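Participant: Sequence:
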Amino acid sequence: MGRLDRLELENFKSYKGRQTIGPFHNFTSVIGPNGAGKSNLMDAISFVLGIKSAQLRSTQLRELIYVGTWVMAVYKVKNDEEIRFQRSITRIGSSEYKINDEVVSFAKYNSELEKQNILVKARNFLVFQGDVEAIASQSPKDLTRLIEQISGSLEFKAEYERLKISQERATENSTFNFNKKRGINSEIQEYQKQKAQALQFEKLQAEKAQILVQYLLWKLFHIQEDIREYREQIDSHNDIIKEKRQIQKGYETNLKQARIEQAKVHKEQYQMENEIKLKERELEEKRPALLTVDEKIAHSKRKLYQFDQISEKVQKDFDRQSKRVEELQFELDKITKDAENYEASLNAESNSSKRNAMLNAEELAEYNRKREEANKKTITEKQQLENLKRQEKTCRESTQRIEEKMIDLDRRHKQLEEENFSLSEHKDKVEASVEQLQKDLDKSKQELQAIIVERESINRKEIYLNRELQEILNKITVANVDRNESEREQKMKECIESLKRVFSGVHGRLLDLFTPSQRKYAVPVSIILGRNLDAIIVEQQKTAIECIQYMREQRLGHATFIPLDTIIVKPINDKYRSFMKGARLAIDVVTYNNKLERAFQYSCGNALVCDTLEIAKHICYEKNQQVKAVTLDGTIIHKSGLITGGHSDDILSGAKRVTEKKRADNLEGLKRQRDEIFLKLSNLNKSKRRGNFEEQKKSEISGLESRLELSQQDLFESTQKLTAINDELKVIANEVIKLQPLLNQDFVFYDFCQKIQVTNIRDYEQRQLKMAQEAAENRLRFTTQKSRLQNQLKFESEQQKETQDRLYKLHTSIQEDKQRLVELEEEKNQLLRDKKRISDEITEKQEKLNEIKKEFDIKTVAESDIEKLEADRFSIYRKCKLEEIDLPLLRGSLDEVLINESNSGLTNIQVNFDSLTEDLTENNGIEVAKDFEKKIDEITRKMDEISPSLKAIERLDGIEQRLQDTEKEFDSARREVKYKHFHEAYDHIAENIDKIYKELTKSRSFPLGGTAYLSLEDTEEPYLDGVKYHAMPPMKRFRDMEQLSGGEKTMAALALLFAIHSYRPSPFFVLDEVDAALDNTNVGKIANYIREHASDNFQFIVISLKSTLYEKAQALVGIYRDQEMNSSKTLTLQLDKYQE
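Just so you know, we're using full-length UniProt numbering here: the sequence shown kicks off at 1 and counts up by one.
Bear in mind the hints are in silico, worked out from the structure with no lab data behind them. These figures come from a predicted structure and were not determined experimentally. In this text, a Cβ means the ideal position worked out from N, Cα and C, and glycines have one as well. Fair warning: there could be bad hints in the mix.
[What the hints assert, rightly or not] Derived DSSO-like pairs (lysine-lysine); straight-line CA-CA distance at most 27 Å: (1) Lys934 / Lys208; (2) Lys493 / Lys980; (3) Lys98 / Lys108.
[As the list claims (entries may be wrong)] Restraint-style ranges between C-beta atoms, simulated for each label pair: (4) Thr1132 / Glu468: 29 to 35 Å; (5) Asp675 / Asn850: 14 to 20 Å; (6) Leu1131 / Arg84: 21 to 27 Å; (7) Asp574 / Thr940: 27 to 33 Å; (8) Asp611 / Lys930: 45 to 51 Å.
Kindly produce the complete structure, drawing on both the sequences and the hints.
Facilitator: Take a look at the structure:
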């Protein structure tokens, strides 16, 4: 189906010049101020699509001319192919039509529009301004004419009127012949015999009436007693519900108030179920929070354990550093003291040497001469001495360096031993941690595996249940499709159940009362039974009349009845039972109750079921048997010799209805199985863990594996460090062993100095120089050691301070983590308490819900029994009225039975039970009813025996009925086309009107919406009379359309318009200010409906002044008045590009 893309027009009404309006989207709203030209746009669309000028706002085409006018509608079909429909007005005031710029006749123009489902006569593509109000206030006759116009049956009106006149003439001739026949029969009657029989008949009739009154009084009395007991039971349960829920104030004893209470219980049950679902959802939401808290607690414990280990290690480092600081401080004090002692001894020795080596001036002069002389004579020896002194100094410095290195090696040795000890302890702890982490990892993997196994098991169960559910849903779908049970079919079933409940002697539809002996006979049997498949079998003709009257009053549609007591049944010709192999009587291939044999004889007659067409031809043509023969594939040879065949939809649907009855009976069982599986899946989903728990467990395992890997890496690094330290200790020991001999060799130079024999002044020089050198060297050594120890002490003190700060931070973190752990434990306990509280609340509410359901079920059963009893009572009242049985009453009248359409208004009728004996009031057994029925049957038999003339009259009535049936068949054939066209449209509109009205009127407060339906005033020839349209807004009682408010009328009229449009929908629908009488709420509902149904195949163009409607459109066409040009202009805006 295509779409209207745009309009191109020139000089049309208020649109001057050539203008293009569009493009039009799925939901386009036309807006603009009054007088801008919105309705002229509507006229332009109507004009180009062929609407007559009388239906526009101009009666003459010349009034549409501005200077010279034409309008073109560009219509897009598949693959964006364009069809251009153009209508222009000639100078003489006539129309010219073009399709794709080619001039065509109006007939071809209209034909091309009809191909696109645009019906000009039916106007199925637009609603003018004011049409909604007109439809809301139109009469049933007008609605009938509208449906005839839509369906096309109006075209057959003239032919129908001609055939109707012929029918009336034939009816007059038949009546004349019938009266003549009745006169002849009346002359033959024996008056004397009739008089005696009439007296006897009247006597038996009075006796029968008396027994029947007693019987009905007995039934009414016990029905009333049962109703009273059930109402007392309901009242008692109402008190129980009042005590348990403390909400209800009490119930009235009548059925109406009980139904109100039932609705309240339904609502409370729904609320209670919602509360349970909310609590279960809340419980589900608490579970991941609880898992998260557990994980946080475990993480905090692990972190606290790690902090404890780190703190312990740092504490040991701090103790070691403190000890090392004390040792360094002790060494520094010792070196300082040694330096001071050495300075004191040096000063004392210096003073003593000064006193011993004092020279006078002459001796000093002599010393200098001798020294010069000695220097001259001992130059070579002096050089040798200088070399020896330099060697001595070098050896002394080397010795000093070796001693310092020995000290450093000793200190490094101690430090490495401490690190070795610390690393050994750390290694042991890391090994223990690795072992624990490995255990935790194995445990977590086992838990994860268990979760995966559980999830896979649940998934398998879920797959199995889903597969089983899919099979059941497929069976239900097949059953629904095969059965093809329409809404009318369901209504007919409900109607039959209602008739069975109200009237005795109703057996049901013929379709439901037999089964083919074999499946292959379904097609021929359905063809032979034909229209009688849906006929309702009743015991007596008066029961059929009562049922027809009841269906009319209750507006339950129409049906055909087969009364067993008056139908004329032709005897079965037994020769056809074995006439030919492969052929059998239709009545012999169906299974039914023997009580219904007359109905099946009437419906089947002597029709034959043949295995093949050759057998049927042989019987009908060669054997010259005038019987109806039907083959297994559905081919029919009529009595006249005509052959019809082919698998039509009607034949196949009839066969399916016959073969699939048992499957339809099993449909409810399939639905119960479906509901049970839904419940199992729901429970399975409740027991299934959430997916994030498995992800958390995987994350936990990943964390453990990372920690394990880090711990293993730490262990490996500690082992490597420990090995390196041990290797370094070995290297230091080897170096000490190598340096020790060198240190011993340094003293050789002192022996060499001892060997020098000084006998003169050189002894003094040697002693003084040596003392000065030793003093300088010792001072340097003391200064170096003191500086080294001070730097080392400063470094160790800083390390100690940093370690102390780190230790303080670790203690602070440990305290914070402990506090956090306590808080998490408290949070976990609170979550557990909340979980237990919610579980307790769910259990409590579930118990309350079960109690309410139990009380509600008891009330429902009691109310159902009351309804059945009241229906039986109503049936008895109706029976007494229709059969003119004189039922004794204390109050009220049976005339009210026919006035009221339901049994709720019969409370003012009170029956007089005084004539009942005490035995009858106390005994409510089946034997009493059988005794009454036996007496009535006996009297009826006697009346039949002594009243042959009445039987003759009944036979005559049966012949008259057959004549009427024949006339109906003849009349039906004549009016089939008109009837078919009308009913196709009416059935479609009636089927969709309620759905559309509900969709237009539903809201959050009233999710079900209102109710709307159509009813025919004449079901036989509906087009001769009116079609009534009834609409009941949400939560309002039934009332006529005239009593509805303006907005309610508009919503009802729009629902009718949309339903009519859905019968033969055009590709687009143009609405002109249909929301004028609506408030914003209803306008919003109309906008939502249009937006939901607008699509590429169904286009809405709406002219509106309400922002509530046009703001939800996909695009806007704005129309404004150009004052300078005195012309209408348009603007377009696509709204779906912007976010709402």
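Participant: All the hints need checking, so say for each whether the structure fits it.
Facilitator: Going through the hints against the structure:
Annotation: proposed proximity of Lys934 to Lys208 holds, straight-line Cα distance about 11 Å (limit 27 Å). With a C-alpha separation of about 23 Å, the suggested pair Lys493 and Lys980 falls inside the 27 Å cut-off, and the hint holds. Between the alpha carbons of Lys98 and Lys108 the distance comes to roughly 10 Å, so the proposed pair stays at or under 27 Å and holds. Thr1132 and Glu468 have their C-beta atoms about 55 Å apart, which leaves the hinted 29 to 35 Å range violated.
The given range of 14 to 20 Å is respected by Asp675 and Asn850, whose C-beta atoms sit roughly 18 Å from each other. Remark: the range hint 21 to 27 Å for Leu1131 to Arg84 is upheld by a beta-carbon distance near 23 Å. The beta-carbon spacing between Asp574 and Thr940, approximately 31 Å, falls within the hinted interval of 27 to 33 Å. The hint said 45 to 51 Å for the Cβ distance between Asp611 and Lys930, and at roughly 47 Å that hint holds.
Hint violations for this structure: number 4 only, all remaining hints satisfied.
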